[in-house]
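Chains as they are written, first to last, in our numbering: chain A, 1 to 279; chain B, 1001 to 1312.
Bear in mind the hints are in silico, worked out from the structure with no lab data behind them.
Because the structure is a prediction, the values reported are computed rather than measured.
Where a beta carbon is used, it is the ideal one built from N, C-alpha and C, also for glycine.
Some hints here could point you the wrong way.
Stated by the list, open to error - Restraint ranges, calculated between C-beta atoms of paired labels, are given here:
| id | chain 1 | residue 1 | chain 2 | residue 2 | range |
| --- | --- | --- | --- | --- | --- |
| 1 | A | PRO107 | B | GLY1245 | 47 to 55 Å |
| 2 | A | GLY81 | B | PHE1024 | 52 to 60 Å |
| 3 | B | ASP1175 | A | LEU94 | 52 to 60 Å |
| 4 | A | GLY81 | B | ASP1033 | 56 to 64 Å |
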Amino acid sequence: MNKLELQKCANEVRKGIVTAVHSAKAGHPGGSLSAADIFTYLYFEEMNIDPKNPDKEDRDRFVLSKGHTAPGLYSAMANRGYFPVEDLTTLRKLGSYLQGHPSIHIPGVDMSSGSLGQGISAAVGMALSAKLRGCDYRTYTLLGDGEIQEGQVWEAAMFAGHRKLDNLVVIVDNNGLQIDGSVADVCSPYPIDKKFEAFNFHVINIDGHDFDAIKAAFDEAKATKGQPTAIICKTVKGKGVSFMENNVSWHGTAPNDEQYAQAMADLEKIGAELEKAGE
Amino acid sequence: MADVKKIATRESYGNALTELAEEFPNLVVLDADLAAATKTGIFKKAYPDRHIDCGIAECNMMGIAAGLATTGMIPFVSSFAMFAAGRAYEQVRNSVGYPELNVKIGATHAGITVGEDGATHQCNEDLALMRTIPGMVVMCPSDDIEAKAAVRAAIEHDGPVYIRFGRAAVPVINDKPDYKFEIGKGTIIREGKDVTIVATGICVDSAIGAAEKLAADGIDAEVINICTIKPLDEDLIIASAKKTGKVVTVEEHSVIGGLGSAVCDCLSAKLPTVVKKIGMQDMFGESGSAGALVAKYGLDAEGVYQSVKAFV
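With the hints as constraints, model all of the structure from the sequences given.
Structure (structure tokens):
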């Protein structure tokens, strides 16, 4: 996909996020929208995966360590063809396979996650397994910038750096906000890059909404040998929906009908602009 | 008795892993800087490439094991019970139990027989914690033979398993030609009609000793060895309770949530019976030798004898 196609695709992923959370009347739109471009790039460009064969042995692995942004993961996966996009409206409902947080029992989901700090360790285990068995697949994990306040994240980082797991990419969605406010005010994780560097990671800082930068970062990660890579993505929480952007109250709140209409109108407008840009 | 062979079940654990390594090439062992104490060091010496020291970071170790298991490996995660079941409880629940991953937890230094290290390291709560996790198999072997059999059974079982091992050397009691091990099956060590003593782990030996003393007083005790706390061999316990009408449980664990509670859960629903629970009575342990502690807290043969005698 070229950059414009990726942007259009990410916009569809965002529509799916807003639609799923609105239907569920609960969920986490802010951090799903901030990571939508990352989800899109991973599922449509970067990872060696096959939606028709979700368990294939040599697939790349992905663990959504910030599991509360499951709507973003599910929407990317649905748009990629793992399951029908229409199923997104069953999110969080009794009997649906689309659980509030990722479950390993969903086709294509490599690990249950959502208790913060735990997903990265599982991802490290997957990367370690590839090294032990001589497999070529790569492992990706996405963390929140609030999540990295969890001590287990740094246990995992220490191990990954120590073991030189160059088949592992840790992505941090640095949208700057957590439930109780700005991450800088609550308990600052900054400088995030220096911390990962100290644990022997190759660190890349990018704008997490710029597909050129995202591509360059993942290419650089692939070329990096002898150490894991951390990609720190500066993002906007709620990206794409005007009234949700940089507004912490949309961390874990669902839009009502009126707000949903407004959000979809915002995204339709972005979509129309992208169409125009392509003409 | 100096002529009785004694071995700590943690030693059995390290030996069993090493003996089974060739047969099960996907088996890997993780430890958190305690390989010398958990005895996974025996495995490390033989298979250094399959032993992963995670450093002193048990929560991460549990998650790494989960990740390894998603790729078809069979990881044994080793630490002291306090850290494997206690510190990493939520990792076991959410990263191993909920995704139903094939992770085996080999927890050593359980209970008060940790001894001199004292209460911070004496985990009397692990069986309770692990029992609450859906799908988790929970085992507490009584001796070398049972410990090794439990390790093999854990590998052959598809799903999460918690096995509790001890620090102190304990007598070998299962060296019988017809000995068979099966997850979820208890064994009658001694038949009797007056009272049922259900024991697990090191307390099986105490129960046997207590039964001998009770016999001298004319009390005929049935002794049941329960290695698998979950799933519990309910049929065996119900049949024995039906016969004797009185049940005593003995464990090197809190009386809250462990074997005693498991037996009560079963009997209260299916055959209401008065049950006496012998174990740590809602209290912490303390420093001392293993033998002195077991005697002080009434978990040796004499202590069990006194409690059962008072009960019947």
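Verification of the hints:
1. Here the CB-CB span from PRO107(A) to GLY1245(B) is close to 53 Å, well matched to the stated 47 to 55 Å.
2. Between GLY81(A) and PHE1024(B), the C-beta spacing of about 37 Å breaks the proposed range 52 to 60 Å.
3. Evaluation of the 52 to 60 Å hint for ASP1175(B) and LEU94(A) yields a pass: the beta carbon distance comes to about 53 Å.
4. A hinted range of 56 to 64 Å is violated for the C-beta pair GLY81(A) and ASP1033(B), which are about 45 Å apart.
Going through the hint list in order, the structure does not satisfy hints 2 and 4.
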